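For the sequence shown, position 359 matches number 359 in the numbering used here, and the numbering has no gaps at all.
Hints are computed from structural coordinates only; laboratory data are not their basis.
There is no bait here: all hints are sound.
Just the calculated beta-carbon pair ranges, DEER-fashion: (1) 191 to 132: 23 to 31 Å; (2) 64 to 321: 35 to 43 Å; (3) 99 to 160: 41 to 49 Å; (4) 355 to 294: 25 to 33 Å; (5) 340 to 99: 33 to 41 Å.
Here are the simulated BS3-like cross-link-like pairs (lysine-lysine), alpha carbons at most 25 Å apart as the crow flies: (6) 325 to 344; (7) 325 to 134; (8) 160 to 196; (9) 240 to 196; (10) 257 to 344.
Fair warning: this is a prediction, and the values are worked out from it, not measured in the lab.
Yeah, the Cβ is synthetic: ideal placement off N, Cα and C, and Gly gets one too.
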Amino acid sequence: MRTSKTPVSELFTTKDTKNTKERKVSNFLYPNFLSFVVRKYQIAICVLAALAVSVSVVTARAQEREKIRVSTLFVGSSLIPFWIGREQGIFAKHGIDVELIWMQSNLSTAALLAGEVDTAFGTPQSLFAALTAKNPPPLTTIAAWGSASEHWLVVNPSIKTGKDLEGKTIGVSRPRSADHGYTTVILERMGVDPKKITWLSTGGQAQRVLAVEAGTTMGSSFNRYYTLQLKRKGFRDLAKLERPDYPFPPSIFVAKKDTLQSKRRAFKSLLTAMMEASERQKANKELSLQLIRKHLRIQNPEVVEAAYEDGVTLSYPYFTERQFKISIELLEKSMEQPVQLTYKQVIDHSILDEINRPGMNRPN
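Using the sequences plus the hints, can you model the full thing?
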């Protein structure tokens, strides 16, 4: 307790170093000064309280987001909608946390059946292969995303025609793979008997490029930007898979039927967010180019542009019957046997029907 009788105003003094005069703070100013300090203190408390509320809200929202694990059968520019969804906050806005996991198709199917992932995203023929088993697993296709992807049979410069490949070695990722089917279709169009080809498993596209460059194989099928990279080194693009009457099948979302029901809300959010991300992809080319450079680690402008063109989304989200038929034909080519699957057997569009978003490519 202060016992001094010194006036309060005299406690607030300053020294004038020039004149050594003591100047008193006016009694008139003191109440205003005290009020100013109190107001500043109150504002600081309010700001801290607001920050605490904001942090707790963000934390709560993050905890509320349902996680959905997606295995992808490839790493390429067709994944641009996923990259946009994650990095532009679209998935978070729709209440989901999406984890992308790259796996080979056989591992992806196994992970899907084991419940280690919630959905697989990739070429239909790779995922449909599991349904050709005597006791097929309970898998269904819920949506499809079609891109402008192109696939070329690229060969050694010494190969001038398809017939030159007979008796030669062609690389595939593995036996009965999707790219095996692509190459078989191209060869048959050129009058080449696939049985006169030696097929060698050399891995994914990056590994198949190395095999072609080293002369281990005389050719393989590649997408647009891998084709461009090989052409720049003198290799030849012999023929293309896609034609106006033969579009490349879209990548599909496949899920277990019980997972589809138990995580129905998350799947609905995922597909809605993917549509929004695809719309942003179409509207913002520069964003897509940035993501290609970041995720595919491509810097050459010409190759980046080719990757962009390959990944342009053309159709979504329904998997049409025509797309299904081409997928089955490619599957039959890779498996070298007829496939007994029907469109209705592998499709469940019920979530898409619930979303009912404008611009959806509804099947006829």
